[in-house]
Amino acid sequence: MAYIQIGKTKVQIVNTSENDGSDANVSQYPVESGAPITDNMMYMGGQVTISGLLLADSSSKAEQAYKTLVDSQKNVNWITYRGRIYLKDAVIQSISRSYATYENGFDVSITLQPMRLAKSVWEKIPQPPVAKQPVKPSSAVYVTVQPGNTYWGWWMQYGTAIQTLRDWNKWPDRFIPIGARARVK
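Residue numbers for the sequence shown follow the UniProt record's numbering, beginning at 1 and rising by one.
Keep in mind that the hints were calculated from the coordinates and are not lab data.
Quick reminder that beta carbons are idealized off the backbone N, C-alpha and C, glycines included.
Take the hints with a grain of salt, since some may be wrong.
Unchecked claim - For lysine-lysine, the following PhoX-like pairs were computed, each having C-alpha atoms within a straight-line distance of at most 20 Å:
#: 1; residue 1: K8; residue 2: K136
#: 2; residue 1: K61; residue 2: K136
#: 3; residue 1: K67; residue 2: K136
#: 4; residue 1: K74; residue 2: K88
#: 5; residue 1: K185; residue 2: K170
#: 6; residue 1: K170; residue 2: K88
As the list claims (entries may be wrong) - Pairwise CB distance ranges, derived in the manner of DEER restraints:
#: 7; residue 1: E123; residue 2: N40; range: 46 to 54 Å
#: 8; residue 1: T80; residue 2: P129; range: 42 to 50 Å
#: 9; residue 1: Q133; residue 2: E32; range: 53 to 61 Å
#: 10; residue 1: D20; residue 2: P126; range: 20 to 28 Å
#: 11; residue 1: D20; residue 2: K74; range: 32 to 40 Å
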C-alpha cells in the first residue's frame, strides 16, 4: 500500500511494483585531457515507475482519485510519494490506466520525475558606511533690535537685501519691535 500526496490530498495506490533508475546525459563529443569531467556530464535524476491498482469504495470514487492525479499532472503540482521508495518534490511525468475485472477500481501505471530544487544564493551587497555629514553651524547673524534700527540700516551695515530681511523677520517696516532678535545675515 502506498500513497501520493498532493498538497493535503492523499490518493492511495495498491502498488504491485516500483521501479527506479538513475540517468545522466553524457557528452558525445571529445573531451579535453585535464578538463573537469563534470563539465561534460549532467545528472538527469532518476524516474520512478509505479504499477498497481487504484481502488476505492466505488467506481466513481476511483475515477475521482484518477482525475485528481491527472489534474496534478496538468497543473504541474509538487507531489510526495510514499511506498517502498520515498520521493519528495516530484511531478507526475506520465499516467495511464487499464480497466480489468475490478468493479471498484482499475490498473494504473504512473511515472514520477523527481525535481532537484536549485538553491540560489542571494547575497546582499554590503553598503559602505556613510559617514554622517557634520551639521554645518548656521552662519546666520542675529542682533537685538535697538531704537532707531531699520531694514534699510541693516541693509547698509550687513549687505542683506531689504526684501530678504522682511521675509526672515516678518515685521512691518514701521513697527520693528525693540528688544526682539532680528536676523540680519
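Tested hints:
| no. | hint | verdict |
| --- | --- | --- |
| 1 | K8 - K136 | 63 Å, violated |
| 2 | K61 - K136 | 79 Å, violated |
| 3 | K67 - K136 | 74 Å, violated |
| 4 | K74 - K88 | 18 Å, holds |
| 5 | K185 - K170 | 15 Å, holds |
| 6 | K170 - K88 | 76 Å, violated |
| 7 | E123 - N40: 46 to 54 Å | 29 Å, violated |
| 8 | T80 - P129: 42 to 50 Å | 47 Å, holds |
| 9 | Q133 - E32: 53 to 61 Å | 56 Å, holds |
| 10 | D20 - P126: 20 to 28 Å | 45 Å, violated |
| 11 | D20 - K74: 32 to 40 Å | 24 Å, violated |
Taken one by one, the earlier hints fail for this structure at numbers 1, 2, 3, 6, 7, 10 and 11, listed in ascending order.
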